[in-house]
Amino acid sequence: MPTSLIDNKESSNFLVGLAYKANDIWYDLVEILMQLPGGELIINYIKASHKNDPWRTLLEALLALFAIKYFLASRYSQDDKDNMVLSKKETDELIEDWVPEPVVVDLREDEKWQIETNPIINGAVSKRVDIQQGDLISTNVLNFASLDFLGMSTDKKVVENSVECIREVGVGACGPPNFYGTQSVHVRCREDLAMFLGAEDCIMYGQDFATPISVLPCFLKRGDIVIVDGGAYVGLQKAAMISRCNIEWFNHNDLDDLESILENLSKDLEQGPLNRRFIVTEGLSENFGDSPDLKRLVEIKNKYKFRLILDESNSIGTLGDNGRGLPEVYNIPRSEIEITIGSMARSFGSSGGFCAGDKDMIYHQILTSNAYVFSAALPPYCAVAVSTIIKAIIDEEVEGKVNPHIRPLKENSAYLHSLFNNSKELSKYVTVKSDSYSPSLHLRIDADLREALDLPDVYGGPGSAVTKALKNGNEELFFDQYYNLESFKLQTIINKCVEAKVLPTRTKRILHHEVLPIVPELILHINATHTKQDLDYAYSVVSKAIIDTLEHWRKTGN
Amino acid sequence: MSKTYDTSELSKHVPNPPVNNLSIEEKAEMEFGSLSSDKYLASAQHDPSIEIRTQVLDEPPYYVVISTYLNYLTLIIIGHIRDFFGMTFMPQYYSAMVAKNGYPPWYSAFESFYPRRLKRRLDDCFARPIYGVPGRYINCFNRASTDYNESFYYDGTATPCLNLSSYNYLGFAQSVGKCTDDSIDAVYKYGVSSCGPRNVIGTTDLHVKTEKILSKFLGKEDSIIFSMGWGTNAHLFTSMVNSKCLVISDSLNHASIRFGIRLSGAAVKVFPHNDMEALEKILRNSISQGQSKTHRPWKKIFICVEGLYSMEGTYVNLPKIVELKEKYNCYLFVDEAHSIGALGKSGKGICEYYNVDPNKIDILMGTLTKSFGAAGGYISANKNICDRLRLDITVNNYGESIPPAVLQQISTSMRIISGELNDNEGELRLQRIAFNSRYLRLGLKRLGFIVYGADDSPVIPLLIYNPAKMPRFSQLLLERGIAVVIVGYPATDIISSRIRFCMSAALTKEDIDLILAACADVGDRLNLKFSTGIAGGERNPGDWKKGIKPRWSIEEVIEKTPEDCRHEVY
Numbered sequence: 001m002p003t004s005l006i007d008n009k010e011s012s013n014f015l016v017g018l019a020y021k022a023n024d025i026w027y028d029l030v031e032i033l034m035q036l037p038g039g040e041l042i043i044n045y046i047k048a049s050h051k052n053d054p055w056r057t058l059l060e061a062l063l064a065l066f067a068i069k070y071f072l073a074s075r076y077s078q079d080d081k082d083n084m085v086l087s088k089k090e091t092d093e094l095i096e097d098w099v100p101e102p103v104v105v106d107l108r109e110d111e112k113w114q115i116e117t118n119p120i121i122n123g124a125v126s127k128r129v130d131i132q133q134g135d136l137i138s139t140n141v142l143n144f145a146s147l148d149f150l151g152m153s154t155d156k157k158v159v160e161n162s163v164e165c166i167r168e169v170g171v172g173a174c175g176p177p178n179f180y181g182t183q184s185v186h187v188r189c190r191e192d193l194a195m196f197l198g199a200e201d202c203i204m205y206g207q208d209f210a211t212p213i214s215v216l217p218c219f220l221k222r223g224d225i226v227i228v229d230g231g232a233y234v235g236l237q238k239a240a241m242i243s244r245c246n247i248e249w250f251n252h253n254d255l256d257d258l259e260s261i262l263e264n265l266s267k268d269l270e271q272g273p274l275n276r277r278f279i280v281t282e283g284l285s286e287n288f289g290d291s292p293d294l295k296r297l298v299e300i301k302n303k304y305k306f307r308l309i310l311d312e313s314n315s316i317g318t319l320g321d322n323g324r325g326l327p328e329v330y331n332i333p334r335s336e337i338e339i340t341i342g343s344m345a346r347s348f349g350s351s352g353g354f355c356a357g358d359k360d361m362i363y364h365q366i367l368t369s370n371a372y373v374f375s376a377a378l379p380p381y382c383a384v385a386v387s388t389i390i391k392a393i394i395d396e397e398v399e400g401k402v403n404p405h406i407r408p409l410k411e412n413s414a415y416l417h418s419l420f421n422n423s424k425e426l427s428k429y430v431t432v433k434s435d436s437y438s439p440s441l442h443l444r445i446d447a448d449l450r451e452a453l454d455l456p457d458v459y460g461g462p463g464s465a466v467t468k469a470l471k472n473g474n475e476e477l478f479f480d481q482y483y484n485l486e487s488f489k490l491q492t493i494i495n496k497c498v499e500a501k502v503l504p505t506r507t508k509r510i511l512h513h514e515v516l517p518i519v520p521e522l523i524l525h526i527n528a529t530h531t532k533q534d535l536d537y538a539y540s541v542v543s544k545a546i547i548d549t550l551e552h553w554r555k556t557g558n
Numbered sequence: 001m002s003k004t005y006d007t008s009e010l011s012k013h014v015p016n017p018p019v020n021n022l023s024i025e026e027k028a029e030m031e032f033g034s035l036s037s038d039k040y041l042a043s044a045q046h047d048p049s050i051e052i053r054t055q056v057l058d059e060p061p062y063y064v065v066i067s068t069y070l071n072y073l074t075l076i077i078i079g080h081i082r083d084f085f086g087m088t089f090m091p092q093y094y095s096a097m098v099a100k101n102g103y104p105p106w107y108s109a110f111e112s113f114y115p116r117r118l119k120r121r122l123d124d125c126f127a128r129p130i131y132g133v134p135g136r137y138i139n140c141f142n143r144a145s146t147d148y149n150e151s152f153y154y155d156g157t158a159t160p161c162l163n164l165s166s167y168n169y170l171g172f173a174q175s176v177g178k179c180t181d182d183s184i185d186a187v188y189k190y191g192v193s194s195c196g197p198r199n200v201i202g203t204t205d206l207h208v209k210t211e212k213i214l215s216k217f218l219g220k221e222d223s224i225i226f227s228m229g230w231g232t233n234a235h236l237f238t239s240m241v242n243s244k245c246l247v248i249s250d251s252l253n254h255a256s257i258r259f260g261i262r263l264s265g266a267a268v269k270v271f272p273h274n275d276m277e278a279l280e281k282i283l284r285n286s287i288s289q290g291q292s293k294t295h296r297p298w299k300k301i302f303i304c305v306e307g308l309y310s311m312e313g314t315y316v317n318l319p320k321i322v323e324l325k326e327k328y329n330c331y332l333f334v335d336e337a338h339s340i341g342a343l344g345k346s347g348k349g350i351c352e353y354y355n356v357d358p359n360k361i362d363i364l365m366g367t368l369t370k371s372f373g374a375a376g377g378y379i380s381a382n383k384n385i386c387d388r389l390r391l392d393i394t395v396n397n398y399g400e401s402i403p404p405a406v407l408q409q410i411s412t413s414m415r416i417i418s419g420e421l422n423d424n425e426g427e428l429r430l431q432r433i434a435f436n437s438r439y440l441r442l443g444l445k446r447l448g449f450i451v452y453g454a455d456d457s458p459v460i461p462l463l464i465y466n467p468a469k470m471p472r473f474s475q476l477l478l479e480r481g482i483a484v485v486i487v488g489y490p491a492t493d494i495i496s497s498r499i500r501f502c503m504s505a506a507l508t509k510e511d512i513d514l515i516l517a518a519c520a521d522v523g524d525r526l527n528l529k530f531s532t533g534i535a536g537g538e539r540n541p542g543d544w545k546k547g548i549k550p551r552w553s554i555e556e557v558i559e560k561t562p563e564d565c566r567h568e569v570y
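If you're matching them up, the sequences are chains E and U in order.
Sequential numbering of the first sequence, starting at 1, is according to UniProt numbering.
Sequential numbering of the second sequence, starting at 1, is according to UniProt numbering.
What the hints contain is simulated information worked out from the structure, not anything from laboratory work.
There could be a bad hint or two in this list.
To be verified - Result set (DSS-like, lysine-lysine): computed pairs, CA atoms no more than 30 Å apart in a straight line:
id	chain 1	residue 1	chain 2	residue 2
1	U	Lys327	E	Lys88
2	U	Lys269	E	Lys112
3	E	Lys127	U	Lys212
4	E	Lys112	U	Lys383
5	E	Lys221	E	Lys127
6	E	Lys468	U	Lys509
7	U	Lys293	U	Lys269
8	E	Lys89	U	Lys269
9	E	Lys221	E	Lys112
To be verified - A short list of chain E residues far from chain U (calculated; beta carbon distances all over 10 Å):
id	residue
10	Arg450
11	Lys468
12	Thr556
The beta-carbon is built from N, C-alpha and C at its ideal position, and this holds for glycine as well.
Just need the whole structure built from these sequences, with the hints factored in.
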């Protein structure tokens, strides 16, 4: 410290005293240090550095202090910078006063019908089922609610092979795949899936709904960009959100919109760092029953150097000549789709989900994908069932012809769609939303009728009451009266159908889980095992129930 | 690994199971060993007269800690050097990590550094393919690598190994017996799949029936069963908490709980593992201070703990947590993934172990993979809560429901445990696992190993420390016909790599003798006997204070421990 500075300023004696004191302590410290082995070296270093640059001493001293503070800081210290200072008594009073909200909001009286109308199936879920739905018991009902589109889950060969596997291996896998949970049948199933889809490699998950939510965060981190279809189902929405990357939404299947978003982004992207970029969409939309123009989508993503994540949960086994999904329809090699996510609980009539793509991508998931690393492997017999179904499909494959396992489903889909589309009378009440190749027929209450019935165009979505309630944590306000009413009316239609031995279903979406706006729909899941008579009958029953219910609603207002 | 193999006869293809000609009896014995003496039974039940203490952690000598850090440092330095030269001169091997044709890399070199440069070296100990029932023995395919675990060669043969690696606490992984027969009947009756979400079509009478059996077993009003344990936690929290709620979570909670909380957007505070004082401090502070910045009161506060911690083998201090929960009026979530079926006199989990009324816990969650030989998870709570969750949980509306054969396995095994079926078979299984766990743990402690966890917990972690010893331990045990799981960073602290023995009722006392002998031998070869005796295993109580370390000979351990382990409590 230059003494002249103190002299010039004529500071108080106190300051001078303090400086002398500091000086003494410094000399004592130096003496102690000198006695330590190697101390001399340190002293010489400090002296030399101080001489050259006094500020550096200050900086280094601060650094040392910071380092000490950092190491001493508790690992579990919580953010309490802005805490109020409270006495023990005040704290106790505040604790006494605090009343938490209930664990979950109890079901309202006008909501209870939802739980009572969930169908319970007695016995196997096949083409005809015996169901119990609250007080309503109905046997031999034509099933239009099953997602086992090919009807393979009760196939004789599939059942036999699964039973044989249980006889060999037991039921559960009893361990995560990385710890002795990988059976040879799992490896076979992976190979079969990869071969069937034409992908390099494949990985299997224990639950279909857990697949996207675990796959996306492996490749998307903060700063990365993902552009998601605005009609994506809730699994993809949540997967994108948990990745904490930047999310953009494009209008459902509107590739012009996608391209304009990419065009706008491209200037920023050129300058910024090379982040990972993905486009996420579905092969066959869960919410709308339609598909994007994959050919153009692939062109776009190649042009802008984005990668494509395609959720083929619904499209595998249903689209393409051999059920290989949307790429087979457009004759695009699987390698153009960087990540394919799919379900084995739908057309494959088993359980679990899978992800297919190139080797490096899959290997990364084996080590970092949360649901794969921290969860038990799929029960082995489920893998055997999938292998059996794939083998059955491949065995009957003929170049240029529709596979006999898939053909009935395709014909049924087209036929039922044509029945509903061609009905003049029905079109006054409902609109068919799905495309004719979709195995799920989506029906929405017609826009004009909605207006007449005083229903909003859409529910939820940005800016809605539910979104606000979610932001404020007001769980009481998650309930939407009109949404509940419209869903109830759809359920009334279903109940009428069930009485007439047909079981359709409806969207059972939960408003506060959805980021995007939604509209309730009546859905018929078409199956390969349905006959033409079944479809004719279902059409007559469903259309009558729709007309009866909605006409009654329009006339009487309830 | 430096050995050269003749690879002409080998294949990189995982082989199909070889034909074996075992009779049904032999097969049953391979899956579930028969009990040799009634002496080898014990009970896993907390003695209320003993105060619950936090566990005493033994520590290794300093040179072990320092060499462990040096181990990692060396690996990291070498890894970075290899990355630098590799990515510069041989980019073709790093294609996923470098930008190509304007496409960003799949993942950065930094993100994948640990798997490539550290875990790759242990890869022959992970994901060993198996076939057959993972019961008392597990059939591991023999394999070898010529390229430092990049790929493996198989010769089509397999070795049956004593199984300490599968989650098969009560030995229900069987292909012979009532459970399997019932499950097969279920496949014939219900088919392979459940064909859709629970609320759409996937609820059969079997689902309803099994949920009732489960609720009765747990002593709760209602339950919901899901097809995946991880998925249960991952999707549960978004239906219970929101950004205005607080979750107070144990620092060692399972990844699925952390994932679920993150997805829900709730605020999280973490308390050190099992530290009840820290928990109370956080509770007092959180309730009085309210939400950060706004200081508005929290809408709800959830305490999230696990019953039995899967990496430590420790139990939660449930009586104390229930007391805190009631005092501070918050909610309690207990994940019984490992404890359900394995603990308590009749297998009802951590509540029964401590004799706590299960209805004092708001949400009981558990998995059905571990003790029941099945798959899936459940949530158990009061009826009003379950009703809401049934409608609200996303999986129930969009995802698959649990398949019939798995459900049947759950309901049959649960009825066996509770004594409804097969007389006292369930009780016997419970007593066998309690004895087996106590025997192996005390035996290992007496041999001089550092072992974590409560005395009767079926998860027995043996501390290894140095990362290089992990694969060696696993390989040496495999050579001796024992399959074990190694766990290291990031599942544990960077320093405390460990072997995790998962005990099973399927093993016999004689099997454990073999395991102890193998461990004693390998422990000497790898210099792993670091115990000071502070955590148990000493000859006379208090020896550790005099600096006498427990280093019993294997003969002595096998002779005395089976008797001692049934009552000794350190």
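Right, here's what the structure says about each hint:
1. The straight-line distance between the Cα atoms of Lys327(U) and Lys88(E) is roughly 16 Å, inside the 30 Å bound, and the hint therefore holds.
2. Using a Cα cut-off of 30 Å, the hinted pair Lys269(U) and Lys112(E) is violated, with the two alpha carbons roughly 35 Å apart.
3. With a C-alpha separation of about 27 Å, the suggested pairing of Lys127(E) with Lys212(U) holds against the 30 Å cut-off.
4. Restraint check for Lys112(E) and Lys383(U): satisfied, since their Cα atoms lie roughly 13 Å apart, inside the 30 Å limit.
5. Our distance criterion of 30 Å between C-alpha atoms is broken by Lys221(E) and Lys127(E), whose separation comes to about 44 Å.
6. Distance restraint check for Lys468(E) and Lys509(U): the Cα-Cα separation of roughly 61 Å exceeds the 30 Å cut-off, and the hinted pair is therefore not satisfied.
7. About 15 Å separates the Cα atoms of Lys293(U) and Lys269(U), which keeps this hinted pair within 30 Å; it holds.
8. Between Lys89(E) and Lys269(U), the direct Cα distance comes to roughly 24 Å. Compliance with the 30 Å bound is thereby established for this hinted pair.
9. Distance check on the hinted pair: Lys221(E) and Lys112(E) sit about 40 Å apart at the alpha-carbon level, beyond 30 Å; violated.
10. Distance check on Arg450(E): its Cβ is at least 23 Å (rounded) from any Cβ of chain U, clearing the 10 Å threshold; non-interface status holds.
11. Distance to chain U confirms Lys468(E) as a non-interface residue, since its nearest Cβ pair spans about 12 Å, more than 10 Å.
12. Non-interface status of Thr556(E) relative to chain U is upheld: no Cβ of that chain comes within 10 Å, the nearest being about 28 Å off.
Of the numbered hints stated above, those contradicted by the structure are hints 2, 5, 6 and 9, listed in ascending order.
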